[in-house]
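Q: Guided by the hints, dock chain S onto chain A, whose structure is given.
For the protein sequence lines, the chains are A and S, in the order given. If you count by our numbering, then the first sequence holds residues 1 to 175, one letter each, in order. If you count by our numbering, then the second sequence holds residues 1 to 97, one letter each, in order.
Note that these hints are calculated values from the structure, not bench results. Treat each hint with caution, since some may be false.
[What the hints assert, rightly or not] Covered stretches of chain A, as calculated for chain S (at least 3 residues, CB under 8 Å):
1. 13 to 19
2. 22 to 30
3. 39 to 53
4. 64 to 74
5. 104 to 110
6. 141 to 154
[Said to hold, decoys possible] For the chain A half of the interface with chain S, some residues (derived, Cβ under 8 Å), not all of them:
7. L56
8. A95
9. A99
10. L101
11. M118
12. P133
13. M134
What you are looking at is a predicted structure, and each value in this text was computed from that prediction instead of being measured. In this text, a Cβ means the ideal position worked out from N, Cα and C, and glycines have one as well.
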Amino acid sequence: MMGTFYTVHFWLFSALAIGSALAMVTRRNPVTAALWLVTVMFALAALYVMLGAHFLGAAQVLVYAGAIMVVFVFVVMLLNLGENDVHERRSKGAAAASALLSGALAAELLYVIRSQPMNDSVLKPVDSDAMAPMANSLFTDNLVAFEVTSVLLLVAVIGAVVLAKRGKVVGESRT
Amino acid sequence: MIREALYVSAILFSIGVLGVLTRRNALILFMCIELMLNAVNLSFIALSRLHGVSGQVFVLFVMTVAAAEAAVGLAIVISVFRHYRTVDLGRIRLLRG
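Only chain A is shown next, with the shape it has when bound in the complex (with noise of 0.2 Å):
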């Protein structure tokens, strides 16, 4: 399973996620930031595929690049937004202190991650049926939870409606 084909298609798509993800944070357009977040997405899937969670890796294309960034795009162009409708200059020294504090973030988590003794050959095996092993847990240990995410849902559709409606709800009433 890890042979050279794998290992090389680990690498491109875990460096297209990286590289996209980059490309994202830097794009002054919104709606050019959201095309790389669904080519950054595209990568997660691929990779969630090689790791052996087939479902997720459909669900991730269909889910994340199918509806949310969707909406996403959708709102942008609502909005219609250009380039020059945010001030993105921030003082050098802010800039330097993101930098430095998410660059902190990632080499401490590198370091955490190294540290941890971890052992590759005694990985789960995939099982054929990609769907029966989630679908036992998620219907039997983790029932509750299911059904609450059905509430969530619910709720944030209402609020979506309540906050995005004209009129004196939330809103212009206000000054």
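A: Chain S in isolation, oriented as in the chain A frame:
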């Protein structure tokens, strides 16, 4: 490959943090949050190869929460945009005091 996947996950999360710290566009900020959620999902899936399938179930929940968060968050952005005619977080300073 587990350790390498965790490395990728850590780097992606840090890039998301970098975006949240440096950008002022509310929409791009949301995208960075989605990126961080995805990085966490990658580490969940990598570790599910060591610790069993419950990691993958958790990823399913994270995806649901991310969808709900995107819906509510973007509704808030639209609401704020109607009020201030901008999504520039440097100019939305009602809570700054």
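Q: Run every hint past the structure and note whether it holds.
A: Status of each hint after checking the structure:
Given a C-beta distance limit of less than 8 Å, the hint that chain S covers the stretch 13 to 19 of chain A holds, as 3 residues qualify and 3 suffice. For the stretch 22 to 30 of chain A, the assignment as covered by chain S holds, since 5 residues bring a beta-carbon within under 8 Å of that chain's beta-carbons and 3 suffice. Restraint check on the stretch 39 to 53 of chain A versus chain S: 9 residues with Cβ-Cβ distances below 8 Å, three needed, restraint holds. Under the rule that three or more residues need a Cβ within less than 8 Å of chain S, the assignment of the stretch 64 to 74 of chain A holds, with 5 such residues.
Beta-carbon proximity to chain S at under 8 Å applies to 4 residues in the stretch 104 to 110 of chain A; the threshold of 3 is reached and the given coverage holds. Counting residues of the stretch 141 to 154 of chain A whose beta-carbon sits less than 8 Å from any beta-carbon of chain S gives 6, enough to reach three: the coverage restraint holds. Hint status for A:L56 relative to chain S: holds, with the closest Cβ pair at about 5 Å, below 8 Å. For A:A95, the interface hint holds, since its Cβ comes within 8 Å of a Cβ in chain S; the closest pair sits about 6 Å apart.
Among the interface hints, the one on A:A99 holds; its C-beta lies about 7 Å from the nearest C-beta in chain S, closer than the 8 Å criterion. For A:L101, the interface hint holds, the least distance from its beta-carbon to any beta-carbon of chain S being 6 Å, beneath 8 Å. For A:M118, the interface hint holds, since its Cβ comes within 8 Å of a Cβ in chain S; the closest pair sits about 5 Å apart. Satisfaction of the interface hint for A:P133 is found here, the shortest Cβ-Cβ separation to chain S being roughly 4 Å, below the 8 Å cut-off.
Of the supplied interface hints, the one on A:M134 holds, with its beta-carbon coming within about 5 Å of a beta-carbon of chain S, less than 8 Å.
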